[in-house]
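Protein chains: 2
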Amino acid sequence: MMDMFNWQNASQQAAVLVEKKLADLLGERDQDFSLLFEGMRYSALAGGKRIRPFLTLSIAQLFGGDEEPALSFAAAVEMVHTYSLIHDDLPCMDDDDYRRGRLTNHKVYGEAEAVLAGDALLTMAFEVIANAPADADCRIRAVHALSSAAGARGMVGGQMMDMKAERETPSLATLRRLHDCKTGALIRASAALGCIAAGVQDEDILASCHTYANGIGRAFQIVDDILDVYGDSRLLGKNTGQDAKDGKTTYLSYMTKQEAMQEAVTLTEQAKDALRPYRGSEMLLSFADALLNREK
Amino acid sequence: MMDMFNWQNASQQAAVLVEKKLADLLGERDQDFSLLFEGMRYSALAGGKRIRPFLTLSIAQLFGGDEEPALSFAAAVEMVHTYSLIHDDLPCMDDDDYRRGRLTNHKVYGEAEAVLAGDALLTMAFEVIANAPADADCRIRAVHALSSAAGARGMVGGQMMDMKAERETPSLATLRRLHDCKTGALIRASAALGCIAAGVQDEDILASCHTYANGIGRAFQIVDDILDVYGDSRLLGKNTGQDAKDGKTTYLSYMTKQEAMQEAVTLTEQAKDALRPYRGSEMLLSFADALLNREK
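Same order as they appear, the protein sequences are chains X and V. Counting from -15, one number per residue, gives the positions in the first sequence under my numbering. Counting from -15, one number per residue, gives the positions in the second sequence under my numbering.
Hint data in this document are derived by calculation from the structure and do not stem from the laboratory. Backbone N, C-alpha and C fix where the C-beta goes; we use that ideal spot for every residue, glycine too. Some hints could be false.
[Unchecked claim] Quick list of in silico lysine-lysine cross-link-like pairs, DSSO-like style, CA-CA up to 27 Å:
#, chain 1, residue 1, chain 2, residue 2
1, V, K4, V, K33
2, X, K91, V, K33
3, V, K148, X, K91
4, X, K148, V, K91
[Unchecked claim] Counterexamples of contact, computed for chain X against chain V with all Cβ distances above 10 Å:
#, residue
5, Q(-3)
6, A7
7, D8
8, R86
9, N115
10, D186
11, E187
12, I210
13, N223
14, Y238
15, E253
16, A274
17, R278
[Said to hold, decoys possible] A few chain X residues facing chain V, derived, Cβ under 10 Å:
#, residue
18, D16
19, M24
20, T107
21, S131
22, M144
23, K148
One chain only, chain X, in its complex shape (with noise of 0.2 Å):
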């Protein structure tokens, strides 16, 4: 059980459990398979905010939901994430050598060993959701949440938009989108999840969630790209202006950095608004406003 008030207690916990969850599923003794099992575990150990997992946690639990299924799910969805880090750091993506101050997957490993790792631990996720202890219609029910927010209308296809936003300046419109398919789609998909593995059949409930999480996901890149202006390289641990340095298109193409904290302000309301009607959501609401006001 996760703490219900603290959202920064609860999201400690949550990393804690999610990462020993992910440590469990990528041990293997198997020498055959020990290389591949080893990169997998060097990306999806690699610490980070962990902020899908604990959404999921924090909504099933918010929901009544059992912790164990929604575990599994939390670090299927982390999988997820981890996967398309690995493939975005490739050289013929974004080409980073480094993550988080460590050297991306493919600088350690090497490029083909780093496409296998993530298609590998892509594949796992599935496979996890598969075998969590929830029933049948449960897991489908996530296997579905999962693989649409991950594929070609969702992650895939915003990073494919991405990319082409590099050569064509994308209109704010398409901003939007590219960053609803690129990133909000799992975050709305790790909410969906916490409500799946809690069981919530409840159209209304289902709604409230998809909304905080589509709040929380779309302030979150706002906020991002303003501290990218203004923000202080020394707290972000990297180096700021780099949008610009790349010639990326970004909210502040569109509007004041004010316009943009309005939105985030509104878009935070929204979330909270939303979730505010249900007892013990208050962790959740601070949760946004965390998001919200973050300095790094």
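Guided by the hints, dock chain V onto chain X, whose structure is given.
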């Protein structure tokens, strides 16, 4: 209903069915996603033997399954096969410019786009299963069968073993295991998906189909190795002697042509023996013979 007596007719019918299904699933009118889907269709609709969907459909039919769920599962397994080819052909992997006489995916669409097309096909395979017209238990069994076969302890693990085998000569036992993972796992899963689509729970039937698929899969690889040395390059549509040129370890690194062929014959007989008791299996028995005696 496919031809139950003539495997040529049946496999052609299966190919037509699965190609229509793939074309339906990969049709997309949304402008923002159209290039991604175009790349997915380019490889998924590029022909090929369609052995895996044929196995799924014909085994489902053998055990009285409806065509619709079997067709969804068949399309899913072919999506996984297609993604594996796209990623295998990448410059960082086998670096192939052509496949079946056409440019490979990354040569047409670019490397990053090919990575994403593969990722999207893999993800969509699970979405297709989740949406199949079958009960939840059947669908989640299918997700489990496909994900465990395609993942780190199956196809992807085998690919990783194959890369290692290029650096250090594998033993015969390792070579066998490599093929059992890299290609065998998905062939066995294709048969299992046929059983699952037909609602087969009987462990004996599942074991028989496993033995059948295992036998034809292993024999297929041995015949591949033999044809690469002794085949007719005009019939094969590719140069022979490629394995030797690439310094690849094959079955012929460990045995004579006669010994290898004898092993393929034995495996094919074991495969046929496993399915012979089931009424209506004649077509799959002659299919096993055809794979053994193929010249291309």
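Evaluated hints:
A distance of roughly 15 Å separates the Cα atoms of K4(V) and K33(V); the hinted pair therefore holds under the 27 Å criterion. Our distance criterion of 27 Å between C-alpha atoms is broken by K91(X) and K33(V), whose separation comes to about 37 Å. Between K148(V) and K91(X), the direct Cα distance comes to roughly 18 Å. Compliance with the 27 Å bound is thereby established for this hinted pair. Among the hinted pairs, K148(X) with K91(V) is consistent with the structure: their alpha-carbon atoms are about 18 Å apart, no more than 27 Å.
At roughly 28 Å from the closest C-beta of chain V, the C-beta of Q(-3)(X) stays outside 10 Å, upholding its exclusion from the interface. The beta carbon of A7(X) is kept farther than 10 Å from every beta carbon of chain V, the shortest such distance being approximately 15 Å. No Cβ of chain V approaches the Cβ of D8(X) within 10 Å, the least distance being about 14 Å, so the stated non-interface status holds. Annotated as non-interface, R86(X) keeps its C-beta farther than 10 Å from every C-beta of chain V; the closest such distance is 21 Å.
Not every C-beta of chain V lies more than 10 Å from that of N115(X), the closest at about 7 Å, which undercuts listing it as non-interface. With a cut of 10 Å on Cβ distances, D186(X) stays outside the contact zone with chain V, its closest approach being about 19 Å. No beta-carbon of chain V comes within 10 Å of the beta-carbon of E187(X); the shortest separation is about 19 Å. Taking the minimum C-beta to C-beta distance to chain V, about 25 Å, the non-interface status of I210(X) holds against the 10 Å cut.
No Cβ of chain V approaches the Cβ of N223(X) within 10 Å, the least distance being about 24 Å, so the stated non-interface status holds. A cut-off of 10 Å between C-beta atoms confirms that Y238(X) is not in contact with chain V; the least separation is 18 Å. Interface exclusion of E253(X) from chain V stands, the closest Cβ pair being 28 Å apart, more than 10 Å. Remark: the non-interface label on A274(X) is consistent with the geometry, its nearest Cβ contact in chain V lying 31 Å away (cut-off 10 Å).
No beta-carbon of chain V is positioned within 10 Å of the beta-carbon of R278(X); the least distance is around 29 Å. Checking D16(X) against chain V by beta carbon gives a least distance of about 6 Å; that is within 10 Å, so the hint holds. For M24(X), the interface hint holds, the least distance from its beta-carbon to any beta-carbon of chain V being 7 Å, beneath 10 Å. Evaluation of the T107(X) hint against chain V yields a held restraint, the C-beta minimum of about 4 Å falling below 10 Å.
At about 4 Å, the closest approach between the beta carbon of S131(X) and any beta carbon in chain V falls short of 10 Å, and the interface hint on this residue holds. The closest approach between the C-beta of M144(X) and any C-beta of chain V is roughly 4 Å, which is under the 10 Å cut-off, so the hint is satisfied. The criterion of a C-beta within 10 Å of any C-beta in chain V is met by K148(X), whose closest approach is roughly 7 Å, and the hint holds.
Violated hints, in rising order: 2, 9; the structure is consistent with all others.
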